[in-house]
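Asks: Spelled out, the chains give:
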Amino acid sequence: EDQVTQSPEALRLQEGESSSLNCSYTVSGLRGLFWYRQDPGKGPEFLFTLYSAGEEKEKERLKATLTKKESFLHITAPKPEDSATYLCAVQAQGFQKLVFGTGTRLLVSP
Amino acid sequence: GAVVSQHPSRVICKSGTSVKIECRSLDFQATTMFWYRQFPKKSLMLMATSNEGSKATYEQGVEKDKFLINHASLTLSTLTVTSAHPEDSSFYICSAPKLAGENEQYFGPGTRLTVT
Numbered sequence: 004e005d006q007v008t009q010s011p012e013a014l015r016l017q018e019g020e021s022s023s024l025n026c027s028y029t030v031s032g033l034r035g036l037f038w039y040r041q042d043p044g045k046g047p048e049f050l051f052t053l054y055s056a057g058e059e060k061e062k063e064r065l066k067a068t069l070t071k072k073e074s075f076l077h078i079t080a081p082k083p084e085d086s087a088t089y090l091c092a093v094q095a096q097g098f099q100k101l102v103f104g105t106g107t108r109l110l111v112s113p
Numbered sequence: 002g003a004v005v006s007q008h009p010s011r012v013i014c015k016s017g018t019s020v021k022i023e024c025r026s027l028d029f030q031a032t033t034m035f036w037y038r039q040f041p042k043k044s045l046m047l048m049a050t051s052n053e054g055s056k057a058t059y060e061q062g063v064e065k066d067k068f069l070i071n072h073a074s075l076t077l078s079t080l081t082v083t084s085a086h087p088e089d090s091s092f093y094i095c096s097a098p099k100l101a102g103e104n105e106q107y108f109g110p111g112t113r114l115t116v117t
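Those protein sequence lines, which keep their order, are chains A and B.
Mapped onto the numbering used here, the consecutive letters of the first sequence carry residue numbers 4 to 113.
Mapped onto the numbering used here, the consecutive letters of the second sequence carry residue numbers 2 to 117.
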C-alpha cells in the first residue's frame, strides 16, 4: 500500500529562519511526487512536481528535492505569508490518483 | 486564476436531507475528476474518481449509494451526499488534471458541509 508520512506535524519559525519539511514515502513505482500549499478553508494550491531521484525545483523561497525514499521542502528566509499547511502527495505508476500525507502546519512569526 | 470551481462554498443541511456539490473545470475539459474529503487537521482522502460518461470508481470503504457522483459533461461533475448525517460533515474538495493523462491536478476551493 502506498504511504506518505510528513514531519514535523507543526513547525513554528521566526521570519528569516530557514528550515526544511520532510516527506517520506513508499510507493509501488513512483510516477510523481507533488507538493501543495493549503491555506485554511481553501483547496490545495499546486507548488511542485518531482519525478526522479536527484531532481530539484525552486520557486521563490521554496526548493523541493527528491530521493528514492523522501522529499524535502526547503524554506529559505521565510516570511509570515508563507504560513500555511504544506501537503506532500505521491502518484504511483499507472494511476492518476494522489495519496496525501497529513501535512506540516507552518507558522512564521514576524 | 482558478482553473477549477466548486459550488456552493459552504452549505448547512439538516440530518436526513441530501446535498449536491458541483465541481466545474474552467476553460478546459476534464474527462476525469477526483473527489476528496478532508476532516479537520487531517489529510485529503480520495473518495472516488469521476469519469465522464461512465460510472465513478469508488475507493474502498466509500459507500457509492450514499455519495452519488455524476459526470455528465466534460466540464461538470457533481457529488450528492444522500441522507446526510452529522458524521458526513467535512470539507469536500474536487480536482482535475488540466490535460488528459497529465500528472498535475488542480484543486477546487472546497465545499464546507455541516450537517445538523
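There could be a bad hint or two in this list.
Some, not all, of what chain A presents toward chain B, calculated at C-beta under 8 Å [as the list claims (entries may be wrong)]:
1. Val30
2. Arg34
3. Gly46
4. Thr52
5. Gly106
No wet-lab data here; the hints were simulated from the structure.
Cβ coordinates follow ideal geometry from the N, Cα and C atoms, glycine included.
Asks: For the restraint on Thr52/A, tell me whether the closest CB of chain B is nearer than 8 Å.
Replies: holds (6 Å)
Asks: Hint validation: Arg34/A versus chain B, beta carbon distance must be below 8 Å. Holds or violated?
Replies: Result: holds, 7 Å to nearest chain B Cβ.
Asks: Under the criterion of a CB-CB separation shorter than 8 Å, is Val30/A in contact with chain B as hinted?
Replies: violated (13 Å)
Asks: Let's test the interface hint: is any C-beta of chain B closer than 8 Å to that of Gly46/A?
Replies: Holds, because the Cβ-Cβ distance from Gly46/A to chain B comes to roughly 4 Å (cut-off 8 Å).
Asks: Grab the minimum C-beta distance from Gly106/A to chain B and call the hint holds if it beats 8 Å, violated otherwise.
Replies: Gly106/A check passes; min Cβ-Cβ to chain B is 6 Å, inside 8 Å.
Violated hints amount to a single one, hint 1; each of the other numbered hints is respected by the structure.
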